[in-house]
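Next come the chains, spelled out residue by residue.
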Amino acid sequence: MNSEVSSSALSNNLYHQLLEKNLAGYWDWNIASNTQYLSPRFKTMLGYEPFELDNHPDTWKKLIYEEDLDRAFNAFAKHVETKGEYPYDLLVRYHHKSGKCVFIQCTGFVTSWDKKGAPMRMIGTHVDVSDSVELQKETEKSVERFESLIEESDLGIWEWELHRNSHWMTGSLFQSFKAEQQKTTNKLEEFIRLRVGSDCQERISASIQKCKDESSPFTTVVKIKTRTGGFLWHEVKGKLVTEESRKVLILTFNECHENMELRREAEFNAFLFSEAGRMTGVGGWYVNFENDTLYWSDQVKKIHGVPDDYVPNLEIGINFYHPDDRAMVSNSITQAVVSKAGFEFEARLVRVDGKTVWVHSIGTVVRNANDDVIGIRGVFQDIQAFKDREHKLEQSSTLLKSQNLRLLNFTHIVSHNLRAHSSNFEMIMDVMNSETVSGEIAEQRDMLTAVSQSLSETIQDLNTIVDIQSNESLVVEPLNLKPVIERNRDLLQAELTRVQSIIQIEIDSDLVVLANKSYLNSVIQNLLTNAIKYRKLNEQLHLKVTATIEKDTIEIHIEDNGIGIDLDLHGTKMFGLYKRFTNRENSKGVGLFMTKGQVEAMGGEIRVESTPGSGSKFHIKLQKG
Amino acid sequence: MKRICVVDDDPIAIYGLKKTLSAISKDIEVVSYSNGKQAFDSIAPTIQMQGHGIPDCILIDLNMPVMDGWQLIDRLTKLPGFKRLSTIKLFIVTSSISTEDKQRAASYDEVQGYITKPFKKEVIEPLFAESES
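Residue numbers (our numbering), protein chains in the order written: chain A, 305 to 929; chain B, 81 to 213.
Fair warning: there could be bad hints in the mix.
In silico SDA-like pairs for lysine to any residue, Cα to Cα no more than 25 Å straight-line [what the hints assert, rightly or not]:
1. B:K200 x A:T833
2. B:K117 x A:I717
3. B:K200 x B:Q130
Since the hints were made in silico from the structure, they are not lab data. A quick note: this is a predicted structure, and the numbers were derived from the prediction, not measured.
Build the full structure now, drawing on both the sequences and the hints.
Given below as structure tokens:
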């Protein structure tokens, strides 16, 4: 066989051994006789023993991937056509005996041509490149995976090979930029100009320049324009990598907008805290039980009168307190830790300069995930100024109280003495009136009697008012409301009958209020009397007394259909002293002032609703008995 | 004959009371004292002796020099013989309309009433009508 001849011709060739044992299989195709030698290495490459495959030109055609066969024919045709100028060199796939795919780099050339220029003989090699193909495929996959990961993340990578001025970038950050700026030479400059916030451009350009020139890595934070026109903060890291003679500048862009915003917010809060602290004398502190350390903010240090670089510790901390307050401070903190709650105290602090200042301290415990107390933190305020003011206020208050008391005593004495005189006056007039006189003397006596009575009434009012205002120890007791109202109605029965009024009392008999008996009588009496006084003269008076219960109070409602009061006009002075809203003779303008005073002295409230021409409704709220 | 003691530092008030009482009945003897001490010194022995001159009624002003009305009431009602003499009636007659005074007066069982000046015949009269019955 020809193939055997060929084989024996090459058998001693060193090349043969080299190829066959180590690197590649080879083939020798006699085109004219259509025979082909296939070296054993080629056969073993495909998982066959040498004897299992024939040395025949059709053998390889049966084993090659059908899809690659055309490429092989085409390459051969082109090689022949160009008289060997176009190399026959292609990567094709073969079926391994086990079924797997074997990548083979097939290279060959025509060694002899006939006179007509047709190929006579062709030889070549088969190299199994499966490993490198797989590797390349893996690498490609990895790159693909990496790129898709980058695309999905907020990370952007920019590589700039300085020598060739070639740019490679990946990440969604550069997507639209890549498309738009295909032809730009100074791509990075352009990116900075178009996409980086104007206030950050100079900074990042300087960092890049320095990195290029001095190979110093950098990290900076810049604003990058988003597609929607907003800005997102990105952390940019840059470093220069040198590989042999290649210099590559690698920039990573990492979106950190949220962090940055949080940081800016934290910075702002810290600023607020420090400024507010400076203005109000409030500082922060933290006791860390895990490492037994104590932290004081600058303001806290200032309050203690220690320098900013002072390092406090737990043992010394307590000694700043006034000796009389130490136990209380210590107890408060211990209690807070034991109960896992908080504390609040005011104590005296002895500053480094010996000055004693009042401080206000509030703290809460800090717990870990297991709910163990790992620290305690809080705020600390210098309240000396408040204390000073409080002291001054107390002094003023004491002074005012004593002045008020003196004034009250004076009023008391004056009003009492006046009343003693006026009652004597009235009494003497009574005695005189029991005598029979006539003529002018009788007239004068009548006038004196009238003056005496007016004087007495005025002074009595004055006394009542003084009494209400000065009575600090008013006795209030539970009183059954309904009988009180009924008794007052009975006392006024003659008058009520005279004016032909109708009075309805709709009150549950078990309602009990906390009140002073005489004050409550006076209040009810006064309001009922007012209703009679200020009735409509052309209409029958309807009076209705009801009561409603609230949580802790009972409200008494006294409603009439009298002339009413224009509250828009008189509302604010309704319960004032000597306020009269009608020209009726018997209106003195004292009643409602006293009534309000009496209600309030019992801890109650009084208000009124009224419509001129329709009537009034008074509401008296008292504590439930 | 009823014996009424009036204790008041104000002569005009005593005058007025005497006039009012005499207008009520001719059968009344009015004895007056210008302060609590004077009254106590005179009345106490009669109570202790349980003898002649025990008043049927004492009208007491509150604000008086030396010994005021409250002190007089305290001392009289603490006399051992006082409780046994259920016939003595004590009234406060004052120009004070203070709630505090009224509350304090109400705290004494022995005080029968609180009359504010100027006292009217109509107010005083029933008190004696009651005591007669």
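I'd like to know which numbered hints this structure contradicts. Please list them from smallest to largest. The structure conflicts with hint 3 only, although it agrees with all the remaining ones.
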